[in-house]
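Student: The residues making up each chain are set out below.
Protein chains: 2
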Amino acid sequence: MEMISGGVCAPKGFKASGVHCGIRKNKSKKDLALIFSEVKGPCACVYTTNLVKGAPIAVTRENVADGYAQAVICNSGNANTCNLGGEDVAREMCALAGAELGISPSDVIVASTGVIGQPLDITPIAGSIGELVKGLKGDCRDACEAIMTTDTVPKEAAAEFTAGGKTCRIGGIAKGSGMIHPNMATMLVFVTTDAAITSEMLQKALSEDVRDSFNMVSVDGDTSTNDMVSVISNGLAGNTAIDSEGADFDEFKKALAAVTKTLCRKIAGDGEGATKLIECVVTHADTKENAVISSKAVISSSLVKAAMFGADANWGRVLCAIGYSGADVDVNRVDVSFASEKGNFEVCKDGRGVEFSEEKAKTVLGEKEIKILVDLNSGTETATAWGCDLTYEYVKINGDYRT
Amino acid sequence: MEMISGGVCAPKGFKASGVHCGIRKNKSKKDLALIFSEVKGPCACVYTTNLVKGAPIAVTRENVADGYAQAVICNSGNANTCNLGGEDVAREMCALAGAELGISPSDVIVASTGVIGQPLDITPIAGSIGELVKGLKGDCRDACEAIMTTDTVPKEAAAEFTAGGKTCRIGGIAKGSGMIHPNMATMLVFVTTDAAITSEMLQKALSEDVRDSFNMVSVDGDTSTNDMVSVISNGLAGNTAIDSEGADFDEFKKALAAVTKTLCRKIAGDGEGATKLIECVVTHADTKENAVISSKAVISSSLVKAAMFGADANWGRVLCAIGYSGADVDVNRVDVSFASEKGNFEVCKDGRGVEFSEEKAKTVLGEKEIKILVDLNSGTETATAWGCDLTYEYVKINGDYRT
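So the sequences go chain by chain: A and B. Heads up, the final residue of the first sequence is numbered 459 in the numbering used here, and it's a clean run with no missing numbers. Heads up, the final residue of the second sequence is numbered 459 in the numbering used here, and it's a clean run with no missing numbers.
Hints in this document: simulated from the structure, not taken from any laboratory. Errors might be hidden in some of the hints.
Copies of the same chain are indistinguishable here, so a pair counts whether it falls within one copy or spans any two.
In silico DSSO-like links for lysine-lysine, alpha-carbon gap of 30 Å or less [as the list claims (entries may be wrong)]: (1) Lys-81 to Lys-260; (2) Lys-317 to Lys-424; (3) Lys-81 to Lys-416; (4) Lys-452 to Lys-424; (5) Lys-452 to Lys-418; (6) Lys-317 to Lys-416.
Please build the complete structure, drawing on both the sequences and the hints.
Tutor: Take a look at the structure:
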């Protein structure tokens, strides 16, 4: 398995495009994206757990109920959520895309991100659907940009692996936390693969993967109403379809994880206002659940996040977060270290502080990617969570007047 | 029942003092507080739920196991937590106070707030215990200041009520979230009363009260290792001891709630970096639990907090927080309004946005105390939670280098 370039267009038979259709007022910002597979194939999705769900999620659920899809249409600039008639508009988006692509509207996945609580006007989408479809090409940069909100960089990843002797590819694009007024942060991830795999095994792979990937990312602890991760496969790699567990499924999962975890790091590192990616690795937990809860609590703590912004080795906040996380942990066994490309240093042993060099701490924590290593010394389970620092800029982005 | 002045010295027979003993380097900041009752009496405590607990909590638990206490000693500048020998130092603090006051060390409640992970030197405390006891007087301002860390104002409250025909008083002092390097926020609240009441009924009153008071406050979602609320009663009001439920117990609880809720508002409004107090009132919930979970999620949301800082009526974030809170809520019935002394305006009806005046929104949200009113339209239960806005200053306070 190796990482390759190309994002969602890396797998055979996938094309993408992105245009400015007019939902966003700024004409230099694309706001409508399309991903299309030459061949219809098995798909899988996971959705936000928020009880408030965007209209596109309801429509996508209906469309993928048969386990198949062939295209993704996604707009930015309006979340199509908490408004009247949102589902009709989402269905109309699928109908427009389906008609122009010559496929069934029920094979289209639809997503939206942006303003909540306002009607989404179908007019600009209808007016640009022709241009959007004509623009389909083997380069996903435009699509990647069209789903961005306050993301500062486009996010894509792809990997190549072998299944049944055939070279297969998985690629993805993602948008992280962003806002427009009034907003909420939304995470959208669209994954493609040319591997042949059944809907059931694809859903199994995705559902298992998100537990260790996107469910382990937090920018600000606010779960959006529109979060969605979808995978479409088209089988063009020519491998014997993966229809059960085994070596091929394992390879597929490894490549999927490589793509999703790369996107996780990009989403966390580009969190609103972030200057640093924070990765918390919890090892030697007695149960997976305790590892997961502990690592997420650490990267979610406002105090830990602010300390990382200040390059402050404030390990008491790490221990404190583990203590209130709800994880069943023997706090007297906990060791904590900080690490980056500039080295590592231990700050806490058996739940108590140890001496360390403040000079080394500043050097290590001055880097852009910080690891917080927590050893629970109680078992064999591990978890990794990704977050970012809390900065003045986060407050500025989210505290600004909408007007 | 009416609010009165005097804090913990409002009830008969209580005195307090506060000195700079030398734990903190800044000599203008007091760092050792004492509260003393002429008469030993029933007491009650509640403690942090963090698995990492400060040494003073272990020692206080031992000392109040018999249900009685007569004094509180509390230092700031060092949390006496996650270090070696912390419990011995906490016991020594009780021994020193007990010897100087002429009472048993086991009748002393001990608390600490400040630096975590460093040994607490008993020397400055021993050197100042004489001065501390000599300084006892019927004015709690010095004690109130001595427990402050980054609190910007001292926090006290008191109320007077009638039980069994006798005038009784309850008073309290509190410290909210503060930090020194490396820190954690700690909430400490010490309450006194001259009402006669049994240990059992006092504990019952306190345990029930904190559910609606201190457990409903969040500054940054980080539960400290040293949080503690204690109440000492001395019976000097001369009422027939409250030993069961009934009218007197109800009056006591009302007065206790008046004091604790006043302190809650002061703690939240003086949260680190805060410019505004945010109160979320959830009404018409089907269960108390759903009301509590919803209101706490709203005031804990970083996005809501940042929006309030910017006086932005970003109601989508309120709905979003309720949606991911875990409360079982019908989101299509939710109404949301914002209110302050300058009026109120509705932003969401039945889970969907309604038109409102941006001008009015800015006027209302420009105030120092903001109410977010959430009507779940599903039952009769209510909950109120208190928080504050998220500001540049919060990031600055918590992101600064410790050096």
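Student: Determine for every hint whether it applies to the structure shown.
Tutor: Against the structure, the hints come out as follows:
In this assembly of identical chains, Lys-81 and Lys-260 lie within 30 Å of each other by CA distance neither inside one copy nor across copies; the values are 40 Å within and 59 Å between. Proximity of Lys-317 and Lys-424 under a CA criterion of 30 Å is satisfied intra-copy only: 17 Å inside one chain copy versus 43 Å between copies. In the homo-oligomer, the alpha carbons of Lys-81 and Lys-416 lie at most 30 Å apart only across protomers (25 Å), although the nearest pairing inside one protomer, at 48 Å, exceeds that limit. Within a single copy, Lys-452 and Lys-424 get their C-alpha atoms as close as 21 Å, and across copies as close as 19 Å, so both meet the 30 Å cut-off.
When the C-alpha separation of Lys-452 and Lys-418 is checked against a cutoff of 30 Å, the pair qualifies both within a copy, at 26 Å, and between copies, at 17 Å. For the identical chains of this complex, Lys-317 and Lys-416 are intra-copy neighbours only, at 29 Å inside a copy versus 45 Å across copies, given an alpha-carbon limit of 30 Å.
Hint compliance for this structure: hint 1 alone is broken.
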